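Novice: Full structure from sequences and hints, please.
Here is what each chain is made of, one letter per residue.
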Amino acid sequence: MSRSCTPQIRRYAKESPRASILALLILGLFCLPAFGTLLRPLSVETLADLSDVVARGRVDSVEVVWNDSATMPVTRVEVEVLETLEGNAGGRRLIVTVPGGERDGIALDYGGRPRFSPGEEVVLFLQRRGGRGFIPVGLAQGRLEVHREAATGRALLRRDLAGAVLMERDERGDEGPVAAGPADLEALRQRLRARSRPPRPAQP
Amino acid sequence: MNRPCGGLGRLTLLLLVPLADLRAATPSTVSATDPAPITWNLTAASAVPGIVEDGQVVFRLHDAGSDDIDDGRDLEAVENAFRTWNGVTGSALRFTRGADLSAATVLADGEFPVFWTEGSTVLTQGTASPDDDVNIAGALAVAFVYRMTSGPAHGEIVDANIAFNGVEYSWTTDPGAQPTRYDIESVALHEIGHALGLDHSPVAAATLFPRVGAGRSLSRSLSSDDLAGLRRLYPGDNTPANRGIVSGLLTGDAPIFGGLVWALDSAGRVAAHGMSDSEGRFTLAGLPPGPVTLYAQPISAAGGIALFQEANLGPYWRGLNRDFQATSGVAVEAQRGTTVVQDLEVSPGPSPIDVRLLGRAGTYSNGPTFLRRGETGVWIGAAGPGLPASGTPLALTGPGLTITGWSFGTVAGFPSAQMRVSVAADAPLGPRDLVLTSAGGRIAAIGGVEILFPASSGPPGPVPAGGPGSRPLAVEQVGPAIDLSWDDTDRATAYRLWHGTLGSLRALGGDHAVEGRLCHISVPDASLFDLPGAGESHYFLVSAWNAAGEGSLGGDSAGTERLAGAQACP
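Quick mapping for you: the protein sequence lines, in order, are chains Y and R. Per the numbering used here, residue 1 is the first one in the first sequence, and the count goes up by one each step. Per the numbering used here, residue 205 is the first one in the second sequence, and the count goes up by one each step.
Don't take every hint at face value.
Partial list, derived from the structure: chain R residues whose beta carbon lies under 7 Å from chain Y [to be verified]:
id, residue
1, 351
2, 354
3, 658
Honestly, the hints are just simulated from the structure, not real lab data. Quick caveat, the model's predicted, so the values are computed rather than measured. Beta carbons: idealized from backbone N, C-alpha and C, even for Gly.
Specialist: Laid out in structure tokens, this is it:
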């Protein structure tokens, strides 16, 4: 499944001895820098409208592989489903793919790229892309971290925008202030229950 | 149709001494653990074929552009943004437009496309599996950048792609007339900054500041901080010799990781910023020779509304030390071709004050605001925890501003203070700090208020006309600035300023509104361009444009129309 380098980098390798050496290097996954992206805050209701499945789960594994044409590193995340908040996850395990990551000495990054670590608990807003595969909706806005409050066990939600930034209100007040998301899991459940789910517009 | 050489002036300056490496601004880094910057390799021997050709980075525009614009101005606006980055003297980076595309992806495929996604926020790549699909819902635009993380090409950018979201946002090339739409040129300028290797800047007036609002076009030009970052990554031949560097250690009880360090020039304008690394080292490069004042302060707390916080930066900048007090100013003399060492010591303990929002009364945001020369009685203010509810807790750096009143209140749950400001007609242009003080602390919105020319008004008017040739252009060095003035017989709406050697004039970026019959532009010295080398003559060219952006560089001595960026007046 995974390839050693992209066609572009292969071509580069042909013409550059440095890149030939580089193509031999295999590195493990580690966190990568973010690049700028300007994001409009999406409410959980909007995120849910754009999603096929909203699920809480635990990240089992994270691996960076090449896409089918070996032209993009893709992060493949396996998630054990702990709770389906909306939609039909279709089983106990989900495969979520996210363009970006580092493989074989080449990395793709962009602001707002959702990042995952094995063992973490997350709430995901997901769009089905063939078979059992899903992609996050709205870049990093489609991923909420779940943290347990030590004293009470309350499940708090936190959003990491991975270098992306929610937009300001402009001089004419066109943008609202940064939207406050639900503070905890129970509040998220209530907000999802309270909304009437409209038909989701088709996306190819 | 044309005319314009408003005039040509000549400035010759001498000097030169060798200089050390350049470090400043906040470049994107190779990884969370590797702070090395990432750049395009512009040398033919190692450049990636297909994107870097003849030392220039080739971008390609999707010919469909934006669905919101059907007259081709969308593609022109994107190209203008690339030209603005091209126009920076003292930088070796040059972009060139390749053949347009009829399809685009974000793959590493040897092409650097700029395109709009329309119809769906899911970017598909045309490959067999949907694994590489990405849903950019909510994003205004995204720069996808590929880089090498190991080996001899470590740190090289090898592919880039910029996607605009045409599904959820409306776009314009005229945000003045369509204020609810997003300005293509401004957003393109920002994303190109990422595609060349820059991370976000904490300087609110910088193009690389992370936020933009609909209807704004103030970011169509680059700030001195953006230029310092570009020159740090791609220094031109004369850049090291013409500019100054200040470096040092930021320490409290121990080295401070992630402290914001910046320099103000003698007019109180932000010259450049840097951040202290994990060993407390900071470097401010590209400084104009002369006196500057250094400051340091912690980044804002994570979460909630803030001007700039950890999440605005790449993952190298995580776990930053916020547990220290902002410094007062330390005066340093920046010297050409020389690194001046100046350590900064801070007091430990959390800052008792922070700035979260600023702006004109009633329009606060966590972004920059502006004042125009000649404005009187404008209420501007700031809000944040720890701001006193009495006294005079706000100040703007630099001359030309008069404060005549105060009020206090609450904005978004934070205490706020407003001051009534009048701006002198000759107030130095550029980004100033808005400084908040309390009994025990100080914090600045770095570059939070930009002083601009007065707004132009009225219809576009005719394209400035006139014969080729020169009109007298007076060039005078006044302190750190260079003043240009000329007789504005044509009453043009705006002027563009060009600078460089004969045969390689480059735009200095931004339109300058007419100030009166006798036109005048104050160029803040080396913060905008490289000074000439020893024995070398540099020229200024002022070209006139109308409010619709129509104009030209005028004709040469043979009466032939000059092309933008090509030749100077003979």
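Novice: If a hint holds in the structure, say so; if it doesn't, say that too.
Specialist: Hints, one by one, checked against the model:
{"no.": "1", "hint": "351", "in the structure": "holds, 6 Å"}
{"no.": "2", "hint": "354", "in the structure": "holds, 4 Å"}
{"no.": "3", "hint": "658", "in the structure": "violated, 17 Å"}
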